[in-house]
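Note that the protein sequences, when read in sequence, are chains A and B. Numbered by my numbering, the letters in the first sequence go through residues 1 to 482 in order. Numbered by my numbering, the letters in the second sequence go through residues 1 to 308 in order.
If you are wondering where the hints come from, they were derived from the structure by calculation, not from laboratory data. It is possible that part of the hints are untrue.
[Unchecked claim] Pair ranges (Cβ atoms, derived):
hint : chain 1 : residue 1 : chain 2 : residue 2 : range
1    : B       : TRP24     : A       : GLY113    : 47 to 57 Å
2    : A       : ARG425    : B       : GLY288    : 47 to 57 Å
3    : B       : ILE292    : A       : ASP455    : 31 to 41 Å
4    : B       : GLY93     : A       : ASP183    : 37 to 47 Å
5    : B       : GLN191    : A       : ARG456    : 36 to 46 Å
Note that the Cβ used here is the ideal one computed from N, Cα and C, for glycine as well.
Letter by letter, the chains look like this.
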Amino acid sequence: MNAATETVPLIELRGAEKSYGAVRALTGADLAIRAGTCVGLVGHNGAGKSTLVGILNGGVAPDRGAIVVDGVERTGAHSIAAARAAGLRCVFQELSLCPNLTVAENVRILHAGLGGWGWRKRAGRLIVAELDAIFPDHAIAPGRVLGDLSISERQMVEIAIAFLDVAAPVRAVILDEPTSSLDGSRAADLLAHVRRFVRRGGAVVFISHILSEVLSVTDRTVVMKDGRIVADRPSTAFDVSSLVQAMGSVARESAASRPLRSGADAPILEGPGDFKARAGEIVGFAGLAGHGQSEALRGLFRQGSSDWIAGHVTRAAFVAGDRQVDGVFPLWSILWNATATVLPRLVRRGLIDRHAEAAFGLEWQARIGIRTPDMAAPILSLSGGNQQKALFARALGSSAPVVLMDDPMRGVDVGTKQEVYLRLRAEAEAGRTFVWYSTEMDEISLCDRVYVFRDRAIVAEFAGPDVTEANVLAASFRSAAA
Amino acid sequence: MRTDLLRVLVPAFSFALLLGVVFWLQPRTMSYLGLNLLFNLAVPIALATIAQMIVIALDDLDLSIGAFVSFCACVTATFLNDAPLVGAAILLGAIGVYALVGAVIWLRDLPSIVVSLGMSFVWSGLAVLILPSPGGAAPEWVRAVMTVRPPVLPMAIVASLAIAAVAHLVVMRSSFGTALRGVGGNARSMQRAGWSVLSLRAGAYALAGLFGVMAGVALVGLTTAADANIALRYTLLTIAGVILGGGEFNGGRVSAIGAVIGALTLTLAASFLTFLRLSNDWQIGAQGAILILVLAVRLVLNRRESYR
């Protein structure tokens, strides 16, 4: 092998194990991160990736096994601070900056070495320089409050902060689903930067559910399944389908295109511009991230609901994409999260019928496959994908004829996605209408009809066989190319 | 930037409006002496509001601040006057207890409302033990500080400006202040970034305690005597002041300058109603109405901002 593999790893796990109660999150993982390489980490939600990352970055102490940093065993002494001192940085799946602080203040928070007079100015200069380097033409000012930025801008800031050299040089960066909130061109910017960083001798652990992305950017790919590392090979040895096979989920068969619905049906929903949706249709909102799709969905939702009267007849249900912000009730159980929209139906004599509620929970747990021994467990005990399933149950279980989905598959594993796609198909066949904003082409191609957004307006509509990646991309980028 | 600015502009504008109306109703207030009379009781309220703001920045709520300020006032009018060293030691100890409360709330994952409500009875009880009936005397130097007559601007205005400036520097501009607002915004990511949330919270509560102590001392300097119930209404006044000043109950979104303006606005609202010759029975209700009006304006502006 080449020289890089013979050097001492920056950080190495040997036989790391971790259990949470009865759940064995990690069973004997061996992993070495070396300078100048990019390692891809793929696997289902719940395969143990997050635990592995937690152990690497010092946030989680393994029950058994060794942590070796620069060739020195540091098992007991490894901590978040120690990992940072060793030059290890982490970008987490869920955005983890402080939304009430400005961009510059967030830089300060994540870089303890940035004290002293004038830190605000210095932090601002540093972050803008780094953003310029990774995402050209980003237009993010350091004085902006983070909560005022779009979700993709926030993600860009978080990535830039991780790559920032303050006090100690950055030697390794763990990117957990970094592209899930970025659109195609920003994701490409990031991948290019990752390659530059690796060429300069940095190490990257790249976690993504977009397998083509993983294969294109990484040197080595590690596949996890049920808390174990099941494959660790050069990325060139994989292709997308062999990777999916290694993860243990069935390869995606191309969705059989359905006959186009006749345009004669009266639309069930009409919206901004030419937007129309008919019963039983899956309508996609495509385009680059942040071009008004989420706002349009929210507008549609407001049309079909009332701020004042919580009626028994809801016209539209909503599946949120930003789980942390407007999806889960973090203190509630899985069951309560799932039944939030259907409670009016489960009421008897003004009180909630506990038996009916539990029955609803069991039914949907089985239908959509929420992996938990107990629906009364707190929602946060689930992995991200399973939390999202509970949110799907909340929307699909309602009687609403229209379901609006705001990029709900963000950071969800391939297997879960397939289960949900099948469910959506079945529901659409039964006459339900879906309006689906997605940043992933695979999902857009599942739609019957697609509206492409650009600059907060619908610029193109494709139906049936015209829903192709080429068409959608051409429509999303037209102004950029002109 | 824009949200930040809006946070301060709305309270500043409503304050200016109210001040204009008061000047129009009673032109004599537009003088050195008039302004001082109008605002000197605002100084301890502003200090206590900053204390409340620091706690709210952590996503907590302090229901004990009124009782705490009363306790500090009683200590100032007795121990600090008779035996300055003992008095100072008691006040320092009280700040330590505040820090401890902040740490315990985090360690045991308790709701701050419950803990601080409990503490309010502790502080009230101690205050009654120290001063069973109204009395005591203000230490000479405290009296001197609170009745000083600086040139150009009266003491009340100078003090308010100073409080706003110091609080802004400490809470909004310094690293420590940024970190403590970060705890309110996303405590988990603060931990992940290697900060000790425990010491940040303890430090923030200690700082709140310090401002509470200063409020008690300043209050005695104005009233020259103390009473165990002297500042009980501060609890609600300070919460209203923080919110009126552009702060929010959660998410670490506060404004130090806004909080001081909020405190001044609430004091001014009371004078305004007096000048209207509104009977005392209606004053509390009318004060509430002013509060609702200002908050409604802010809500409308915020909405417009987020829908655009």
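Hint-by-hint comparison with the structure:
Between B/TRP24 and A/GLY113, the C-beta spacing of about 55 Å keeps the proposed range 47 to 57 Å intact. Judged by the Cβ atoms, the range 47 to 57 Å given for A/ARG425 and B/GLY288 holds: they are separated by roughly 55 Å. Judged by the Cβ atoms, the range 31 to 41 Å given for B/ILE292 and A/ASP455 holds: they are separated by roughly 40 Å. Between B/GLY93 and A/ASP183 the C-beta distance comes to about 57 Å, which lies outside the given range of 37 to 47 Å.
With their beta carbons about 38 Å apart, B/GLN191 and A/ARG456 fall inside the hinted range of 36 to 46 Å.
Against the hints set out earlier in the document, a violation occurs for number 4 only.
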